[in-house]
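As given, the protein sequences belong to chains A and B, one line each in that order.
The numbers in our numbering rise by one with no breaks, and the one at position 80 of the first sequence is 80.
The numbers in our numbering rise by one with no breaks, and the one at position 229 of the second sequence is 1229.
Rather than coming from a laboratory, the hints here were simulated on the basis of the structure.
Any given hint could be a false lead.
Stated by the list, open to error - Distance ranges between label pairs, derived from CB positions:
#1 A:His-71 with B:His-1068: 47 to 57 angstroms
#2 B:Pro-1112 with A:Glu-45: 51 to 61 angstroms
#3 A:Thr-38 with B:Glu-1193: 19 to 29 angstroms
#4 A:His-71 with B:Ile-1243: 28 to 38 angstroms
#5 B:Ile-1211 with A:Pro-13: 29 to 39 angstroms
Unchecked claim - Partial pick of chain A residues on the chain B-facing surface, computed with a CB cut under 7 angstroms:
#6 Arg-11
#7 Thr-14
#8 Ser-15
#9 Ala-19
#10 Leu-23
#11 Leu-27
#12 Arg-85
Backbone N, C-alpha and C fix where the C-beta goes; we use that ideal spot for every residue, glycine too.
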Amino acid sequence: MGFLDRLFRRREPTSREIAKERLQLVLVHDRIKISPGTLDKMKDELIEVISRYVEIEASSVEVTLAQDKTHSRLVANIPVIGPPRHSASRQAATKSGAGGDG
Amino acid sequence: MTARVITVTSGKGGVGKTTTTANLGVALAMLGQRVVTLDADIGLRNLDVVMGLENRIVYDLVDAVEGHCRLRQALIRDKRLSELFLLPAAQTRDKTAVSPAQMIELCDQLRPDFDYILVDSPAGIEQGYRNAVAPADEVIIVTTPAVSAVRDADRIVGLVEAEGKGPPTLIINRLAPDMVQRGQMLSTEDIVEILAIDLLGIVPEDKQIIISTNSGAPVALDGKSPSGQAFRNIAGRILGQDIPFMPLKGSAGMLGRLTRFIRG
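Next up, chain A with everything else stripped away, as it sits in the complex (with noise of 0.2 angstroms):
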């Protein structure tokens, strides 16, 4: 996907590149039997799991597949802010269990 967005730079895509990256596209989700909406949810369900370990900016967060020589990858796309909003009852949490420094 990438070397292809480097050759449309200049100039329009053909057609003929439209249709391979449409089809490669819609063959990852075939192959392994996702659909572009269960892939949403998907998402929503990452961002709630990881939005509990660290905060993340959940509106750009991407979730895409994608096909290499070898195989399909999920690729998930995950801009993080910083430790997680309840950062203080974490820390808490973490000084009674490891009797760190106080």
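Fit chain B to the given chain A structure using the hints.
Same frame as chain A, but now just chain B:
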């Protein structure tokens, strides 16, 4: 002699399975092979019409399976090639009239008397397809350069491999080299890369196919047409001959890369 059973399938309808089956049958017979083409599209038969043998049907595949006739009686010898036969489908029944097990048994009965049994699969992935693939020693998948056809072909690749009949080989039908060159059509290279199976042949878009089907004379008999030549080349490759792909206009760069795909 014990026949090799090759099933021609695609998933997508209308991409050229019947045309391919008829023409490979003719081309193999022209190369001295004893061939039977078997129409597995029960209810929507067309192999008979493409081969020009529609007026000769007395018994069909279902009659033979149900014991209304001996198998020999259902075989129709081709008008032009004495070593080519057709086993037609029934037109008044549907795909449930025979089972995959019956198809296997039928082909086993034919095996001792032929070099090749070519099974023309119906479109789809339901029982008709399963009937056609059940007796196969190998599977040829036909696609055109259209997005929908390639998508369906991909599904069939997965199904064929899951059934242990793989890996299938690929015929790309109706390729228009000038459209590929103008960036308006998927290229052979694109399709082989996406489907990741070995390429058996490329058949160019050719108006002569319609003309030859009009009269029931498969185009492989025509010495002048490029599609006829393509089918004859594919038959040669099936027999193990090393036949280079025809130089289609604008594909010089592709052929080198194609060779790598085939060898690799």
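Here's how the hints hold up against the structure:
1. A:His-71 with B:His-1068: 47 to 57 angstroms: holds (53 angstroms)
2. B:Pro-1112 with A:Glu-45: 51 to 61 angstroms: holds (59 angstroms)
3. A:Thr-38 with B:Glu-1193: 19 to 29 angstroms: Holds, since Thr-38 (chain A) and Glu-1193 (chain B) (Cβ atoms, about 27 angstroms apart) stay within the stated range.
4. A:His-71 with B:Ile-1243: 28 to 38 angstroms: holds (35 angstroms)
5. B:Ile-1211 with A:Pro-13: 29 to 39 angstroms: holds (36 angstroms)
6. Arg-11: Since chain B brings no Cβ nearer than about 10 angstroms to Arg-11 (chain A), farther than 7 angstroms, the hint is violated.
7. Thr-14: Given a least distance of 3 angstroms, the restraint on Thr-14 (chain A) holds.
8. Ser-15: Result: holds, 6 angstroms to nearest chain B Cβ.
9. Ala-19: holds (5 angstroms)
10. Leu-23: holds (5 angstroms)
11. Leu-27: holds (5 angstroms)
12. Arg-85: Given a least distance of 44 angstroms, the restraint on Arg-85 (chain A) is violated.
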